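Going down the list, the protein sequences come from chains A and B. Going by the working numbering, the first residue of the first sequence is number 136, and it counts up by one from there. Going by the working numbering, the first residue of the second sequence is number 40, and it counts up by one from there.
What you were told as hints is all true, and nothing was included just to trick you.
Label-pair ranges, simulated between beta-carbon atoms: (1) A/Ala-288 <-> B/Arg-44: 38 to 44 Å; (2) B/Ser-103 <-> A/Arg-214: 17 to 23 Å; (3) A/Gly-260 <-> B/Ala-57: 37 to 43 Å; (4) B/Gly-41 <-> A/Asp-196: 24 to 30 Å; (5) B/Ala-51 <-> A/Ala-292: 47 to 53 Å; (6) B/Arg-72 <-> A/Arg-174: 31 to 37 Å; (7) B/Arg-72 <-> A/Asp-257: 43 to 49 Å; (8) B/Arg-53 <-> A/Ala-203: 19 to 25 Å; (9) A/Ala-292 <-> B/Asp-54: 55 to 61 Å; (10) B/Gly-58 <-> A/Pro-236: 37 to 43 Å.
These aren't lab readings, by the way, just hints derived from the structure by calculation. Note that the structure is a prediction, hence the values are computed from the model and not measured. A virtual CB, placed ideally from N, CA and C, is assigned to each residue, including glycine.
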Amino acid sequence: MLTDAELVARCRQGDAQAWNDLVERFSRYVYAIAGQAFRLSPPDAEDVFQEVFARVYQHLDRLRSDEAIRPWIAQLTRRLCIDRLRSTRREGPAEEELLEPAGVDESLTQLDEAMTVRASLDAVGDACKEILDRFFCRDESYRTIGEALGLPAGTIASRISRCLAKLRAELDGRSEALTPSGNR
Amino acid sequence: MGWVRAAQELPAARDEIAGLVARAEADAAFRARVVADLESALASEGIEATPSVVAALRASLADSRP
Chain A
136 MLTDAELVAR
146 CRQGDAQAWN
156 DLVERFSRYV
166 YAIAGQAFRL
176 SPPDAEDVFQ
186 EVFARVYQHL
196 DRLRSDEAIR
206 PWIAQLTRRL
216 CIDRLRSTRR
226 EGPAEEELLE
236 PAGVDESLTQ
246 LDEAMTVRAS
256 LDAVGDACKE
266 ILDRFFCRDE
276 SYRTIGEALG
286 LPAGTIASRI
296 SRCLAKLRAE
306 LDGRSEALTP
316 SGNR
Chain B
40 MGWVRAAQEL
50 PAARDEIAGL
60 VARAEADAAF
70 RARVVADLES
80 ALASEGIEAT
90 PSVVAALRAS
100 LADSRP
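Build out the structure end to end from the sequences listed, making use of the hints.
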């Protein structure tokens, strides 16, 4: 699976599939910022959604670092949500802080973490992704997982443990890569 | 989700949008008409005014010279 930076680089080269993948990768993120964090109505959230990707497409060349695509998209979405809230206000213009619903920063942090976990899950391999998804997201029992995957129920716990260790290593790698000491 | 598909189809509309923006840069009256009603401007050029295309045109016009 391509990293965000690799995907951006391919989009710049005019790779249509890369653009499709980029939209797919960030679509839920953008929609969640507009819908959950800023609580826009579905029509307003759709307008913001389309505006975000139109601008990303238009300005991809201006992105200074390909790895910064996610924060850039987040900032763009945030700004466009505020513009949307401002335009629908009946009273006069207001400060950004007054337009933002309470808890926006916390929501954005949670969405960022969810994106990071999701990307890490994609990186640990299909087998681990499936078993972790079944256990933690779908809340399936060892027995159900074992039956679905053709594994003895007794081995599921150790598999989950190994996959969690792999996921942790992946997550640690990602957070190191984002710090100044991470050589990126 | 239809929104995702619409955004994915943006590159296909790129040339048509670029043509409209180029005309708008060269012709102030045309630009004023386009800015006043993006959907109608697209329709009159035979371009389907999907939300993503309208958004792309708006973004391109914002970057272009009046």
